[in-house]
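Generate coordinates for the entire structure from the input sequences, incorporating the hints supplied.
Given next are the chains, with one letter for each unit.
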Amino acid sequence: MNLLTAQAGNRYPDGQGRIALRAEGVWKSYDDGSIEVLKGADFEAVEGQTVALCGPSGCGKSTLLHLFGGLDWPDRGRISVNGVEVNRQRNLLHLLRHEVGFVFQLHNLIPDLTLEENCLIPTVAAGIDRRSAQARLLELAERTGLTHRLGQRIQKLSGGERQRTALCRALMNRPKILLADEPTGSLDEHTSGAVFALLLDIVATEDVTLVMATHDRGLANRCDRLVEMHDGRIHEPVSA
Amino acid sequence: MIFLKLIVTNLRRHRIRSFISVAGIAFSVAAMLTVVTILQGAIGMFSGILSNDSEIIVFERNVSDLFFSNVPAAAVAEIANWPMVSHADPVLFGVVSSADHPIITCFGVTAADARIRKASWIAGDKLSFAQHSDDVVLGERAAEFLGAKLGDHVPIGHGVFHVIGILKTANGFEDGGVFMPLGSAQGFFHKEGASSVITIKLRSKDDAALFKSMVKAKFANLIGLEDAEFTRSYSQFKILKATAWAVGGCGLALGGLGVANTMIMSVFTRIREIAILRVCGFSNSQIATMIFGESAVVSLLGAVLGLLTGTCLLFALKQVPALHGYVDVTIQPAVMLIVIVLALTTGIAGALYPAAYAMRVRAVEALRFE
Numbered sequence: 001m002n003l004l005t006a007q008a009g010n011r012y013p014d015g016q017g018r019i020a021l022r023a024e025g026v027w028k029s030y031d032d033g034s035i036e037v038l039k040g041a042d043f044e045a046v047e048g049q050t051v052a053l054c055g056p057s058g059c060g061k062s063t064l065l066h067l068f069g070g071l072d073w074p075d076r077g078r079i080s081v082n083g084v085e086v087n088r089q090r091n092l093l094h095l096l097r098h099e100v101g102f103v104f105q106l107h108n109l110i111p112d113l114t115l116e117e118n119c120l121i122p123t124v125a126a127g128i129d130r131r132s133a134q135a136r137l138l139e140l141a142e143r144t145g146l147t148h149r150l151g152q153r154i155q156k157l158s159g160g161e162r163q164r165t166a167l168c169r170a171l172m173n174r175p176k177i178l179l180a181d182e183p184t185g186s187l188d189e190h191t192s193g194a195v196f197a198l199l200l201d202i203v204a205t206e207d208v209t210l211v212m213a214t215h216d217r218g219l220a221n222r223c224d225r226l227v228e229m230h231d232g233r234i235h236e237p238v239s240a
Numbered sequence: 001m002i003f004l005k006l007i008v009t010n011l012r013r014h015r016i017r018s019f020i021s022v023a024g025i026a027f028s029v030a031a032m033l034t035v036v037t038i039l040q041g042a043i044g045m046f047s048g049i050l051s052n053d054s055e056i057i058v059f060e061r062n063v064s065d066l067f068f069s070n071v072p073a074a075a076v077a078e079i080a081n082w083p084m085v086s087h088a089d090p091v092l093f094g095v096v097s098s099a100d101h102p103i104i105t106c107f108g109v110t111a112a113d114a115r116i117r118k119a120s121w122i123a124g125d126k127l128s129f130a131q132h133s134d135d136v137v138l139g140e141r142a143a144e145f146l147g148a149k150l151g152d153h154v155p156i157g158h159g160v161f162h163v164i165g166i167l168k169t170a171n172g173f174e175d176g177g178v179f180m181p182l183g184s185a186q187g188f189f190h191k192e193g194a195s196s197v198i199t200i201k202l203r204s205k206d207d208a209a210l211f212k213s214m215v216k217a218k219f220a221n222l223i224g225l226e227d228a229e230f231t232r233s234y235s236q237f238k239i240l241k242a243t244a245w246a247v248g249g250c251g252l253a254l255g256g257l258g259v260a261n262t263m264i265m266s267v268f269t270r271i272r273e274i275a276i277l278r279v280c281g282f283s284n285s286q287i288a289t290m291i292f293g294e295s296a297v298v299s300l301l302g303a304v305l306g307l308l309t310g311t312c313l314l315f316a317l318k319q320v321p322a323l324h325g326y327v328d329v330t331i332q333p334a335v336m337l338i339v340i341v342l343a344l345t346t347g348i349a350g351a352l353y354p355a356a357y358a359m360r361v362r363a364v365e366a367l368r369f370e
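From first to last, the protein sequence lines are chains A and B. Numbering-wise (this note's numbering), the first sequence opens with residue 1 and increments by one. Numbering-wise (this note's numbering), the second sequence opens with residue 1 and increments by one.
Keep in mind that a hint or two might mislead.
To be verified - Have a look at the derived ranges for each label pair, beta carbon to beta carbon:
no.	chain 1	residue 1	chain 2	residue 2	range
1	B	L352	A	H94	20 to 30 Å
2	B	V341	A	I35	35 to 45 Å
3	A	H190	B	A253	52 to 62 Å
4	B	R12	A	N91	30 to 40 Å
As the list claims (entries may be wrong) - Calculated cross-link-like contacts (lysine to aspartate or glutamate; reagent style DMTMM-like; alpha-carbon spacing at most 20 Å):
no.	chain 1	residue 1	chain 2	residue 2
5	B	K168	B	E192
6	B	K5	A	D129
7	B	K5	A	E24
8	A	K156	B	E273
9	B	K118	B	D53
10	B	K201	B	E78
11	B	K241	B	D65
12	A	K39	A	E24
13	B	K5	A	E116
14	B	K5	B	E273
15	B	K191	B	E60
16	B	K149	B	E78
Note that these hints are calculated values from the structure, not bench results. All values reported here derive from a predicted model rather than from experimental measurement. For each residue, glycine too, the CB sits at the ideal point set by N, CA and C.
Here's what the structure looks like:
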């Protein structure tokens with residue numbers, strides 16, 4: 001099955017571009033195998049592509065994202081990021097600090113810190129110098145319309161602002177892959193649309209590969225590809 | 001900066017809990033500082049008695065306590081005639097009790113002794129000392145608690161003594177003690193012809209080594225030690241010091257348990273936050289540093305607060321009349337440093353398990369349940 005034929009958008013014609021993310025026959029279970037989540041999932045995403053993973057709750061969308069981010073290991077099968085297998089031998093800190101960024105359904109920001117401080121956390125982890133980090137933050141804050149809120153504590157931000165902050169944080173270290181798990185799932189329809197438009201705009205201009213788990217078919221259809229997941233497998237690509 | 005803020009933020013988030021931990025360390029540090037300083041002061045005072053106008057102390061070899069030391073009068077007489085000796089003063093220590101006062105230290109001394117010659121006499125005449133066998137001179141505090149004035153007869157132990165003088169001294173032991181003529185003390189304590197120690201004033205300090213070797217050569221059962229050597233080696237002092245540090249250490253260990261409890265709660269209540277830091281690329285060592293940083297801040301604040309509290313407590317104790325002269329509020333820098341280092345070490349030790357737990361937090365498990 002050539003997944004690249006599953007085009008939901010038209011940015012990428014069939015088969016072009018390097019593979020950024022790849023899952024090959026991936027199995028994953030929890031609770032000593034009693035809960036099987038992924039059952040031989042195959043998946044590919046090329047560089048710069050935006051891919052929506054759709055499917056019912058528990059079908060394995062989030063698990064697949066976690067595996068790509070090195071947060072967990074497959075029981076069987078191979079996970080590769082930028083052509084390198086994600087396994088226990090791989091430098092996972094480098095993967096998390098420089099290669100992938102995460103955005104979650106809940107913003108997962110640290111409430112007692114300001115917007116600015118939250119965004120700078122990945123740069124602290126990666127040891128990026130303060131000046132470069134500040135410059136990058138200002139750049140992202142401007143693009144996401146958060147410049148005037150930099151000094152605000154998270155509690156004082158609206159839901160949309162929090163999710164935009166989470167997006168900034170995920171992109172601070174210029175990762176080339178963004179893994180988004182229901183990034184607009186906690187927002188109202190209007191805000192959700194705005195945040196998603198911003199997300200698409202930024203990943204397009206920064207040439208970031210986006211893989212997004214979502215239940216929202218409307219948003220999914222705005223991605224380059226829409227991939228259907230069901231019962232732990234990438235069932236079959238569907239055209240939008 | 002962000003790293004520091006992550007540390008401080010968490011402490012501020014749980015102010016009460018953090019304050020209790022800081023207070024735990026502070027009380028421990030204050031207790032340790034107070035106990036160690038008081039005991040060191042007591043040791044210093046006892047050493048001060050021995051080193052009053054002398055550089056060397058001669059006593060019986062291998063005795064566990066100077067109260068059990070017997071130095072024969074013949075040795076005193078011979079040593080006093082050695083050419084390098086300026087003067088040799090025999091001192092007999094004894095402990096007696098009187099009504100309401102179970103322990104009164106007695107000093108059997110000669111009229112030539114510096115403790116008598118150089119003391120500040122509040123009442124009486126120093127020239128009258130040792131004229132009669134039942135004469136005693138009281139330290140100011142001893143006179144207070146015995147309710148005695150110049151010319152009174154006071155019961156001390158199994159005898160009654162005539163107070164011929166009251167002297168004032170900064171030394172708590174001397175201030176609360178009774179000075180008897182050496183001969184009277186020897187009879188009173190059944191140590192005829194003996195003293196506990198001889199305190200030696202040399203003509204030149206350079207002769208100390210020669211003097212000690214002569215003591216060793218001439219008197220097999222005696223030993224001569226310079227004051228500093230004596231303070232270091234005297235087993236009673238060692239026991240006192242060890243006890244002080246052990247008591248203080250136990251207090252600090254309790255404080256450390258408080259820090260451990262706080263840090264464990266701190267980690268348990270923000271598993272999700274730690275998971276987020278992991279997703280942002282924090283390494284195990286960065287997470288551990290954050291946890292250890294928190295406990296270090298708690299310990300350091302506790303140590304500073306404890307030092308202040310301990311110092312105030314020592315000053316307060318110094319004002320208590322019953323402790324007059326026994327409490328020395330001079331806090332040695334070395335003690336201060338040791339207390340701070342111990343507090344930090346305890347705090348960091350208390351964070352070992354929480355840090356290890358935090359390092360084991362798996363982001364995927366913490367994030368799965370949103």
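Q.
Let me make sure I understand: some of the numbered hints might not hold for this structure. Which ones are they, in numerical order?
A. 2, 5, 7, 16
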